[in-house]
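Peer 1: Work out the full structure, taking the sequences as your base and the hints as a guide.
These are the residues of each chain, in order.
Protein chains: 2
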Amino acid sequence: MKNIKIAVVQMEVVAGKPDVNCEKIIQKIKEARENKNDVVIFPEMAVPGYLLGDEWENNGLIKKLMEINEKIREESEAITVVWGNVWADFDNVGEDGRVRKYNAALIASNKKWLDNEVFEGHTFKTLLPKYREFDDERHFYSMQKLADEKQVDIKELLKPFEVDVKGQKVKIGLSLCEDMWDKNYFNKPIEILVKNGAEIVVNISASPWTWQKNNKRHQIVKNILSKNPVNFVYCNNVGIQNNGKNIFLFDGSSTIYNPDGTLMIAAKPYKEENLEIRLEMEASFAKASEGYNFVSEENDTKELYDGLIYGLRKFFEQNNLKKAVIGISGGIDSAVSASLLVMALGKQKVLGINMPSKFNADLTRNAAKKLAENLGIEYKVIPIQNGVDLTMKELENNGFKVSDFVMENIQARDRGSRILAGVAAAVGGVMINNSNKTEMALGYTTLYGDMNGAICPIGDLYKWEVYELAKYINKISQKELIPEEIFEIVPSAELSDKQDVTMGKGDPIIYPYHDKLVRAFVEFRKDLSEILEWYDKKTIETEMHLEKGLIEKYFKNREEFKKDLEEKWKLYKLSYFKRIQAPPIIAVSRRAFGYDLRESQNGVYVAI
Amino acid sequence: MKNIKIAVVQMEVVAGKPDVNCEKIIQKIKEARENKNDVVIFPEMAVPGYLLGDEWENNGLIKKLMEINEKIREESEAITVVWGNVWADFDNVGEDGRVRKYNAALIASNKKWLDNEVFEGHTFKTLLPKYREFDDERHFYSMQKLADEKQVDIKELLKPFEVDVKGQKVKIGLSLCEDMWDKNYFNKPIEILVKNGAEIVVNISASPWTWQKNNKRHQIVKNILSKNPVNFVYCNNVGIQNNGKNIFLFDGSSTIYNPDGTLMIAAKPYKEENLEIRLEMEASFAKASEGYNFVSEENDTKELYDGLIYGLRKFFEQNNLKKAVIGISGGIDSAVSASLLVMALGKQKVLGINMPSKFNADLTRNAAKKLAENLGIEYKVIPIQNGVDLTMKELENNGFKVSDFVMENIQARDRGSRILAGVAAAVGGVMINNSNKTEMALGYTTLYGDMNGAICPIGDLYKWEVYELAKYINKISQKELIPEEIFEIVPSAELSDKQDVTMGKGDPIIYPYHDKLVRAFVEFRKDLSEILEWYDKKTIETEMHLEKGLIEKYFKNREEFKKDLEEKWKLYKLSYFKRIQAPPIIAVSRRAFGYDLRESQNGVYVAI
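If you read the sequences in order, they're chains A and P. All the letters of the first sequence, read from the start, carry residue numbers 1 to 608 under the working numbering. All the letters of the second sequence, read from the start, carry residue numbers 1 to 608 under the working numbering.
None of these hints come from the bench; they were simulated from the model. The reader is advised that the hints may include incorrect statements.
As the list claims (entries may be wrong) - Here are the simulated BS3-like cross-link-like pairs (lysine-lysine), alpha carbons at most 30 Å apart as the crow flies:
| no. | chain 1 | residue 1 | chain 2 | residue 2 |
| --- | --- | --- | --- | --- |
| 1 | P | Lys369 | A | Lys401 |
| 2 | A | Lys130 | P | Lys188 |
| 3 | A | Lys380 | P | Lys578 |
| 4 | P | Lys323 | P | Lys578 |
| 5 | A | Lys570 | P | Lys322 |
Claimed, not checked - Chain P is nowhere near these chain A residues, computed Cβ spacing over 10 Å in every case:
| no. | residue |
| --- | --- |
| 6 | Asn3 |
| 7 | Phe90 |
| 8 | Lys166 |
| 9 | Gly167 |
| 10 | Asn196 |
| 11 | Lys216 |
| 12 | Pro229 |
| 13 | Thr301 |
| 14 | Asn319 |
| 15 | Pro483 |
Every residue gets a Cβ at the ideal spot worked out from N, C-alpha and C, and that includes glycine.
Peer 2: Structure representation (structure tokens):
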């Protein structure tokens, strides 16, 4: 019976810092060797990181990365090392006319490249994702393109590597991330690898967290293995990576599967961790000889909370940020943002500023103060009325008429760009944007006002999720960290008499419905005609997961419903001019504003 | 001898407005029929526009576009119509798991779809660009993927359509945009079409203007036709389209080529225009029977100016913007921005605001006033000193220490977010961002200050180009529109005593060198090691097109040179946090900041 001991290294990959990552890889190889592993496996793009934007065009970097590949090979004395990095073909160009690059899995043993009779020491990703934040087709050449160019069948190119494990020959099939998510592709790389003799399939990934992704993955592995029963090793990195507009959470959750698709062992999310296990193979079937650690069924809100905390902590760490300066209004959004920051960074790194104008009620001002006390953060009250009055006077003295609406935005900008930006600069800190997804979608924000910030922690959360998170925060802190009154105050911008919270007057948004409407637009990519059809068929409450009776409560008839629907669609499309200039948002939904959802400024077109 | 009369419709395509575009197409078909054309040709994606972001995922829109295809077919009575639109296969998915979509050329005649024995009434784009602003692979399935999936040779799929022209059979090969830019691809779609019998090749494009693109295109067509001599028809749209962060200029410049690659007739840039011509074919060779109109050799600055004016005009028109509110400082950047706006929109749509603090010299203040008078625009002087003093006092009263550097940025934000944003809101206008590319690259800008704006007209221009444009503006206006002193004042932010223009003290940027350095980084994708190598080999002045002796003048030795190089690289990389929130930039270079150059916020990695 063949047997092989493998180590899966769930490492934190720091994007754009190959020197840091390389050093860690070398350290981990040493540890794996000391622990008598036969094979040690690192994630996809473990050397450079995955989300580098167009830095892939930097030939100096690419040369450096190729040098690092040789350096890692040199470290493979008495062990087989599998890792992800770019592999460049300097003699050929990609379809962009630049040096041709592949998203590659590399494999070396005893300081030599292993050979699979097609490639020496490397193989390439076949399925290149290019939806959402993924841009693999932009940067890399695929195995399928190479097959087309060489006019060979792709089956001739996807071969396992034979590894010598103390005299035993074990065939390892290497695949990269999307290669296992093959549902929408005509190529099935894993299947080809197994048909070509792979006894173990390794998938190295750089796969960001999304809702229920891990459960989906387990199902997919099960389906694949049902036809091709071999051990399956999934190695994913942890860390955060970004594309400017969005910050993605890499949760790791590396897993080794039994040949029947059940879980043998799994790593924890967001933790650097090694999985080490001995696999025993008989014929084409192997089973675990040690260690069981099933993925726990986690509560959605806990997963969300854990991800956001991790993302905030890493963002501040990687960008070397010293202090978060946050406006605290007494509303739920700023309360949740501030609490997350304190929990991620510690209270000494958070500075809260309350900036009342004459429209802010004692109710919210007191709530803000209480929150700051509960959090134990430094807190200042800096009223904006003098600034607003000065601006009004200067504009009016120059003949400009200031309407109530313009005056509302002057307040928001006075807070964001005069006070908060000034304080942040003075203390060497950064501002926090407290917008939620629903108001960002409908443009219920002021550019250069509450849209300001270096990061937007809850920008991918609907209002209901903000409340859920608030409840969860109070639950785990085992006290009323976020004061009860903040849950009860009607959501309001408090920018005019019309938004008097003490009279229960708030935002012109019906959150229980519009939250879900925005979700239908943005995440489920539904358009007006589909939603109107749901209304007509009376299935809308089921389809959109609305409370029963809610639609009837707010809309007397079809005309009213349709009017609101079109109005919200218009707000969504027209307010994109603000999102163009929005700060980075931590992506946690199926589609976040930023470079996850790509928009054009084309006004509105109603296709009903 | 076969002969055929064709009309090439260089229309303005409005992105995201299929109803508007469809109406125009139908009108143009009627005109072409009345003029006795046999074939009428429209650009790529003439119905929906090309840069729609992820709106391609809107199934309601896709259904509507497919309906419009049938509507256009219905209009093809007694004429053959060729146009670009999406073609959706609702029975299959793309690699993103959504409805499969192709970037298609459609062809109908006498109300019927023409058949090429492979497809009925349509063919698909083979080469999908995915560099710079292009995202075809994200949205569309390629002909090559279809061939792979069907396991047929692509030559079996790329067939010309036979058109009946008064009893003559003429075979027209349809291609789309990138299909002719085949240099970096192993597939050569035009060649395949000709080998498969095409007597005329039509290329429908949605191709934005870039430097010298049209000359490159003429050369490429010549190369292709040298091996495959047939008439070649290039139909491109005019208009502007955007991806949020960048506005692209579609210049049209549609051209019909003789089979030897010489130009037969060409349309003007940025104008809606029809090219109508009768082609006569003998064997596989045709020549023009009428009309010659060669593309003129245009001056680079004129081309740049024409593009920017067109882009500004269309941006204001398409977004229904009433007024441009612009800060005028007395410097060259705001002078050029303001002049462009007046020339694009007319003086009554431009409002100039000068916002001096105590650091602004009479020299610049007078120059600003003179510029405004020359332009004939409404002009106000609103000093910011009261606002700045108030902010300083409020911060200091709350215990925050305001350094000189912080005070500089307070001034910039007071201008941008308090005064200018307030005025823009009051008059129902939008702010203009006056940043140039070099300062944007090096982060010599203030977020929520001079970075504010709805559009950035000169954000893709280096400082030297700003001066060139200023001279050109004065030349064509036949007077000193931009006052001579503005050319002479040293570039300066005037935010402190250290930046006193009257003492010749200005920005910490050596524009004659750093302009070119930024260009090397951003456009030519050079990294530090390559530039240092030029320095060492003493080829840097030639490679970077620098004035002779310039490097020696500014850098005493290698150490000084290298120190500055690394410092600028760091500024370029670290200041990306500002560009994330920058307004839309009109793209005119080989690489513009925005979604043309995609960046990640990963700090600095120096690969020397």
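Peer 1: Does each hint fit the structure? Answer for all of them.
Peer 2: Do the hints match the structure? See the list:
1. P:Lys369 with A:Lys401: The hint holds at about 23 Å.
2. A:Lys130 with P:Lys188: 24 Å, holds
3. A:Lys380 with P:Lys578: Answer holds: A:Lys380 to P:Lys578 is near 27 Å, not above 30 Å.
4. P:Lys323 with P:Lys578: Answer holds: P:Lys323 to P:Lys578 is near 26 Å, not above 30 Å.
5. A:Lys570 with P:Lys322: 19 Å, holds
6. Asn3: Holds, since 38 Å exceeds 10 Å.
7. Phe90: 14 Å, holds
8. Lys166: 39 Å, holds
9. Gly167: 41 Å, holds
10. Asn196: 19 Å, holds
11. Lys216: At about 12 Å from chain P, A:Lys216 clears the 10 Å cut-off, so the statement holds.
12. Pro229: Correct as stated: the minimum Cβ-Cβ distance to chain P is 26 Å, above 10 Å.
13. Thr301: 27 Å, holds
14. Asn319: It is violated; A:Asn319 is separated from chain P by about 7 Å at its closest Cβ, not greater than 10 Å.
15. Pro483: Since the minimum Cβ distance to chain P is about 24 Å, A:Pro483 lies beyond 10 Å and the statement holds.
Checked against the numbered hints given earlier, this structure breaks only hint 14.
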